[in-house]
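> One letter stands for each residue in the lines below.
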Amino acid sequence: MAEELVPTWEDVARRYGRKIYNFAYRLTGNPDDAADLVQDVLLRVRKGLAAYTPGSFDGWLWRITRNAFLDGVRRRQRRPTSPLPDDDRLLASSSPSPDEVLASVRLSEDIQSALLKVPLDFRECVVLCDVVGLTYEEIAEAVEAPVGTVRSRIHRGRRMLRELLTWPV
Amino acid sequence: MARMKHHDRCEDQELLSAYLDGELRPGELDAVVAHLTDCLDCVAEFHRVKEIRAALRTLPELELPERLLPSEHLGPELSAYLDGELATIEQEYVLDHLGECADCRAEFHELDAARTAVRSLPGLEPPEFLMTHRATSPEHHHVRWRIFTAAAGVAAAAAIAVGVLSTPPPASEVDVSMFFDQHNARASVEHGFGAIPAFMPQEGAP
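Chains H and W, in that order, give the protein sequences.
Under our numbering, the first residue of the first sequence is numbered 13, with each subsequent residue one higher.
Under our numbering, the first residue of the second sequence is numbered 11, with each subsequent residue one higher.
Simulated from the structure, these hints should not be mistaken for laboratory data.
Any given hint could turn out to be false.
Okay, the calculated bits of chain H under chain W, using three or more residues with CB under 8 angstroms as the criterion [unchecked claim]:
id	region
1	34-41
2	66-73
3	118-129
Chain H regions said to be covered by chain W (calculated; three or more residues, Cβ under 8 angstroms) [as the list claims (entries may be wrong)]:
id	region
4	21-30
5	142-153
6	170-176
Cβ atoms here follow ideal geometry from the backbone N, Cα and C, with glycine treated the same way.
Can you build the whole structure from these sequences, using the hints too?
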C-alpha cells in the first residue's frame, strides 16, 4: 500500500512543475534560469524517486528544488542577472481590464525587482511562504533550518521588501 | 505573549508575520492581540507587513512552458541521444523509455537510419574548374555547377533511400542489442560518432 503513495516522475512534473517554475522565476527573475531549474529538479526527482520512502513529499521535493537552485546559483555566480518584466504571454489566463493588467504588471515588476535585492536566505523563505504557499514547518524542512529561524527570516524578508518599495503606507 | 512587551522599541515583531500566516505557537495569539490594542508602532508595522504579504500573494502565477511538461513519447532527446549529447541521467531516461515503448523504438531506428545515411555520404572532390584559375565564362560555371549539385542530390537521396529501406522489421521484432552493437562498432572507429553506453536494457528486460 505504501508504494502507492510514491508519485511517478510524470505526476510530479504535472502537479508541481508550475510551482517549481514560479519559485525559480521569483528567486531569479529570469525565465530561462527558471526553466533550467525545472528540468534539473525533475531529473533529480526522477533519479531520487527510486530511493524515496513515503513521508513528507513536499518537504523532500522542495529540499531537492532548493538544492538544485543553489547549485544553479553557484554555476551562475559570475554571470550578472537582471530582472525581466513579467511577460503578458506568460501570465496565467484571466481577463482583467487593460488598466488592471498594466497596474498589475507594474506592481509585480516592482516587487520582483525588490525581491532580487533581498538576501537569498530571506528571499527563499518569503517566496516559499507567499508564492509557493508552504507552511513554516515545510519551509524549515526545505531550507534545513529550525522553524524559529524560518519565522524570523520570513518577517525580516517582508520588512526588507517593504523598505525597498516606495509605495505610500 | 509575554515576550512582546511595550517598550520604546518593540521586539519580536516577527510574531506579526507568524500571526498573519496563522503560524503562532500556542499561547502567543492572545498576547499578540492584546499588544496590538495598545501599541501604535506595532499596529503600523502590522499593516505594513500585511500589505507586502498581500502583494506577494497576488503576484501573477506564471504558466509552466509546455516544453517542460513530460511528453508521452520521446522527441528531440532521440537525436541528442544518438549524437551523445545527453547528460547521463537523461540517457538513462531515454534507455528506460526505449525499453518499454515500441513506438519510440521504431522512431529511434528511423532516425538512426537517416542519420547514418547522411553521415555515409561520400566526401566529394570539388570540380576541377573551381580548383584552377583558368578563365571561363560565368555561364559555363553556372551550367557545370548545376550538374555538380544535381549529382550530389541524387547521391544523397540514394543513400537515404538505402538507409530507410534497410530499416529493420517492425519494432516489436527488433533486437535492440544487435543494433547497439553495430552502432558501437562504428563509434569505435569513427571519431566524433557517439557511442551508446553499455547499460541499454535488453529487449523485454524489466
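> Now tell me, hint by hint, if it's right for this structure.
Now the hints, each set against the structure:
1. 34-41: holds (count 3)
2. 66-73: violated (count 0)
3. 118-129: Coverage by chain W holds here, the residue count being 4 at a Cβ distance below 8 angstroms.
4. 21-30: holds (count 6)
5. 142-153: With 4 residues in contact (Cβ-Cβ under 8 angstroms with chain W), the coverage given for the region 142-153 of chain H holds.
6. 170-176: holds (count 4)
Comparing the model with each earlier hint shows a violation of hint 2 alone; every other hint is respected.
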